[in-house]
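Colleague: Okay, here's what each chain looks like letter by letter:
Number of protein chains: 2
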Amino acid sequence: MAFNRVAIVGLGLIGSSIARAARENMPAVTLAGYDADPGVRARAGELGLVEVAGTAAGALRDADLVILCVPVGAMEAAAADIAPHLSPSVIVSDVGSSKASVAAALREQLPHARIVPAHPVAGTENSGPDAGFATLFRGRWCILTPDEGAAPEDVEAVSQFWAELGAKVEVMDAKHHDLVLAVTSHLPHLIAYTIVGTASDLEGVTESEVIKYSAGGFRDFTRIAASNPTMWRDIFLANKEAVLEMLQRFHEDLTMLQRAIRWDDGDTLFELFTRTRAIRRGIVEQGQDVARPDFGRSEA
Amino acid sequence: MAFNRVAIVGLGLIGSSIARAARENMPAVTLAGYDADPGVRARAGELGLVEVAGTAAGALRDADLVILCVPVGAMEAAAADIAPHLSPSVIVSDVGSSKASVAAALREQLPHARIVPAHPVAGTENSGPDAGFATLFRGRWCILTPDEGAAPEDVEAVSQFWAELGAKVEVMDAKHHDLVLAVTSHLPHLIAYTIVGTASDLEGVTESEVIKYSAGGFRDFTRIAASNPTMWRDIFLANKEAVLEMLQRFHEDLTMLQRAIRWDDGDTLFELFTRTRAIRRGIVEQGQDVARPDFGRSEA
Numbered sequence: 106m107a108f109n110r111v112a113i114v115g116l117g118l119i120g121s122s123i124a125r126a127a128r129e130n131m132p133a134v135t136l137a138g139y140d141a142d143p144g145v146r147a148r149a150g151e152l153g154l155v156e157v158a159g160t161a162a163g164a165l166r167d168a169d170l171v172i173l174c175v176p177v178g179a180m181e182a183a184a185a186d187i188a189p190h191l192s193p194s195v196i197v198s199d200v201g202s203s204k205a206s207v208a209a210a211l212r213e214q215l216p217h218a219r220i221v222p223a224h225p226v227a228g229t230e231n232s233g234p235d236a237g238f239a240t241l242f243r244g245r246w247c248i249l250t251p252d253e254g255a256a257p258e259d260v261e262a263v264s265q266f267w268a269e270l271g272a273k274v275e276v277m278d279a280k281h282h283d284l285v286l287a288v289t290s291h292l293p294h295l296i297a298y299t300i301v302g303t304a305s306d307l308e309g310v311t312e313s314e315v316i317k318y319s320a321g322g323f324r325d326f327t328r329i330a331a332s333n334p335t336m337w338r339d340i341f342l343a344n345k346e347a348v349l350e351m352l353q354r355f356h357e358d359l360t361m362l363q364r365a366i367r368w369d370d371g372d373t374l375f376e377l378f379t380r381t382r383a384i385r386r387g388i389v390e391q392g393q394d395v396a397r398p399d400f401g402r403s404e405a
Numbered sequence: 106m107a108f109n110r111v112a113i114v115g116l117g118l119i120g121s122s123i124a125r126a127a128r129e130n131m132p133a134v135t136l137a138g139y140d141a142d143p144g145v146r147a148r149a150g151e152l153g154l155v156e157v158a159g160t161a162a163g164a165l166r167d168a169d170l171v172i173l174c175v176p177v178g179a180m181e182a183a184a185a186d187i188a189p190h191l192s193p194s195v196i197v198s199d200v201g202s203s204k205a206s207v208a209a210a211l212r213e214q215l216p217h218a219r220i221v222p223a224h225p226v227a228g229t230e231n232s233g234p235d236a237g238f239a240t241l242f243r244g245r246w247c248i249l250t251p252d253e254g255a256a257p258e259d260v261e262a263v264s265q266f267w268a269e270l271g272a273k274v275e276v277m278d279a280k281h282h283d284l285v286l287a288v289t290s291h292l293p294h295l296i297a298y299t300i301v302g303t304a305s306d307l308e309g310v311t312e313s314e315v316i317k318y319s320a321g322g323f324r325d326f327t328r329i330a331a332s333n334p335t336m337w338r339d340i341f342l343a344n345k346e347a348v349l350e351m352l353q354r355f356h357e358d359l360t361m362l363q364r365a366i367r368w369d370d371g372d373t374l375f376e377l378f379t380r381t382r383a384i385r386r387g388i389v390e391q392g393q394d395v396a397r398p399d400f401g402r403s404e405a
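Residue numbers (our numbering), protein chains in the order written: chain D, 106 to 405; chain C, 106 to 405.
Just chain D, with the same shape it has in the complex:
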């Protein structure tokens, strides 16, 4: 392991999961941490997740890797906060869900730093230091998006770190990352938030009816629509172009289905509904979801 002391800035779901996973898988590594929220710092201390520092500078002392685990809209401020205390030997990484804009913000604030941006494609609908757990990254992908100037050995070191946490690592261009995640993550969240909002604003159907009969499909959307509002607001603004592009595609496809329903075109519906089953099969086969029917809820 290339790192002796890792500083985690931001101790929410992802930051605290990194701490837990590192403790479990890399016991020799010392973990320091900081969060801008005093309540979160106190809680992280109670949980014994990391050596909690009262400032970002304190967490950074003697660290050889610092990971920014804050909402993407707060990345630039977090980078500015650590800038004066950064030694040239430290590698700077982050866990932002949108990469091109975050990379630009980090480069702006830390022009000479050794930056290796990362995005672990993992999470739950819960937030805060209590929500994290050590196995969050196990079997999930972590995408690194170093720019052309990054040293190969820095990329390798961060890659090894994530592999030790249990993730599978992939290196990708930041712009391509943003396009891929717009469709696999950002668009689904936007749509889930929208439909949950739509359902709560109807005059003919009450909110309590929506809740009561949600097992018909709606409840699946509510899980991701319960995700951290700050984090997601930032992601949509940070990855605006790719999200709007994907939204346009989705609009077109939905309009086509709307038309098929209006004109009783059952064949168009049937053809699509058959095709979509194959994607589900692929996701289960590749271990990115559980095969248990109903997500295993029926066993609860």
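Check the hints yourself; a few may be wrong.
Covered stretches of chain D, going by a simulated chain C footprint (3 or more residues, C-beta under 8 Å) [to be verified]:
| no. | region |
| --- | --- |
| 1 | 235-249 |
| 2 | 301-315 |
| 3 | 319-328 |
| 4 | 331-341 |
| 5 | 350-360 |
| 6 | 377-383 |
| 7 | 389-401 |
Using 27 Å as the maximum straight-line C-alpha spacing, the simulated DSS-like pairs for lysine-lysine come out as follows [as the list claims (entries may be wrong)]:
| no. | chain 1 | residue 1 | chain 2 | residue 2 |
| --- | --- | --- | --- | --- |
| 8 | C | LYS317 | D | LYS273 |
| 9 | C | LYS273 | D | LYS317 |
| 10 | D | LYS345 | C | LYS317 |
| 11 | D | LYS345 | D | LYS280 |
| 12 | D | LYS280 | C | LYS317 |
| 13 | C | LYS345 | D | LYS317 |
| 14 | C | LYS345 | C | LYS280 |
| 15 | C | LYS280 | D | LYS317 |
For the record, the hints were derived by calculation from the structure and aren't laboratory data. Glycine included, each C-beta is placed from N, C-alpha and C at the ideal position.
Here the structure of chain D is known, so what remains is to put chain C in place on it, guided by the hints.
Modeller: Just chain C now, kept in the frame of chain D:
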């Protein structure tokens, strides 16, 4: 229990789950069954789910309750099939996800029958007689939509039957049912099918990338987009008006969010994303979904 012999017409996920749940909870009731597909009949026989008959008429013999468990587009044909063999003492029910059009079809084919339509709001993404299980209806709602002419004792008998299967029973007007389910079930399925289709048709992102990085949110949509294509084609055509109405609302709300993203209006996004968390809480509190983060996948 008002029934001695129950005939199940259609032995897929729902029909076979009724058989399993009835066997477990009402051992004194005799179960007969029929399916138009010879392969399904053979499999139901191997599984010992019901006394399998070679014709609907055979399954109906001496039954005092017959439940049509076929896609809503096949209800009229199934009703026509049983019409000549129906004794006046039999209660006819169904499990269709759309009620007004199914009620009209049943009434058309069975003008003098004692009809009590039902819709158990439960299911999984899997289909066929092997997919059913005895606890599918436990704690879920079953909505009965009898018309004004239905005898109260018939409604009571069907209600008691579903309660014995583990469901909570609610009586509702068929048109209101169709509106409620359009938002809690039909619209979510339509949107899930659409986004999975959109994701598989992009030129900049490959299908294998979509599968690989699906844990970012997309995979939640693929579960319901793997549901039975015939069943869902029929539902959208049968509940066209309510689905188109809900789709229009959804379109408007999505357009509002699209505009907020384009104009960097973070407050609008944040306000909605905060509101939607409360709905999730309600669903979990009322036992319509599990509280385990990530649907409990992380425990797998």
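Colleague: Evaluate each hint against the coordinates.
Modeller: Hints, one by one, checked against the model:
With a cut-off of 8 Å between beta carbons, the region 235-249 of chain D has 7 residues touching chain C; three or more are needed, and the interface restraint holds. Evaluation of the coverage hint for the region 301-315 of chain D: fulfilled, as 13 residues show C-beta separations to chain C shorter than 8 Å, against a requirement of three. Here the region 319-328 of chain D counts 10 residues with a CB under 8 Å from a CB of chain C, which clears the bar of 3, and the coverage holds. With 8 residues carrying a beta carbon less than 8 Å from a beta carbon of chain C, the region 331-341 of chain D meets the three-residue requirement, and the given coverage holds.
Closer than 8 Å: that is the beta-carbon criterion, and the region 350-360 of chain D has 7 residues meeting it against chain C, so the requirement of 3 holds. Counting residues of the region 377-383 of chain D whose C-beta sits closer than 8 Å to any C-beta of chain C gives 6, which meets the bar of three, so the coverage hint holds. Closer than 8 Å: that is the beta-carbon criterion, and the region 389-401 of chain D has 9 residues meeting it against chain C, so the requirement of 3 holds. Proposed proximity of LYS317 of chain C and LYS273 of chain D is supported: the alpha carbons are some 11 Å apart, at most 27 Å.
Simply put, LYS273 of chain C and LYS317 of chain D have alpha-carbon atoms about 11 Å apart, close enough for the 27 Å limit, and the pair holds. Between the alpha carbons of LYS345 of chain D and LYS317 of chain C the distance comes to roughly 23 Å, so the proposed pair stays at or under 27 Å and holds. With a C-alpha separation of about 12 Å, the suggested pair LYS345 of chain D and LYS280 of chain D falls inside the 27 Å cut-off, and the hint holds. A hinted pair counts as satisfied when its Cα atoms are at most 27 Å apart, and LYS280 of chain D with LYS317 of chain C qualifies at roughly 17 Å.
For the suggested pair LYS345 of chain C and LYS317 of chain D, the alpha carbons sit about 23 Å apart, so the restraint of at most 27 Å is met. With a CA separation close to 12 Å, the supplied pair LYS345 of chain C and LYS280 of chain C stays within the 27 Å bound. For the suggested pair LYS280 of chain C and LYS317 of chain D, the alpha carbons sit about 17 Å apart, so the restraint of at most 27 Å is met.
Of the numbered hints stated above, none is contradicted by the structure.
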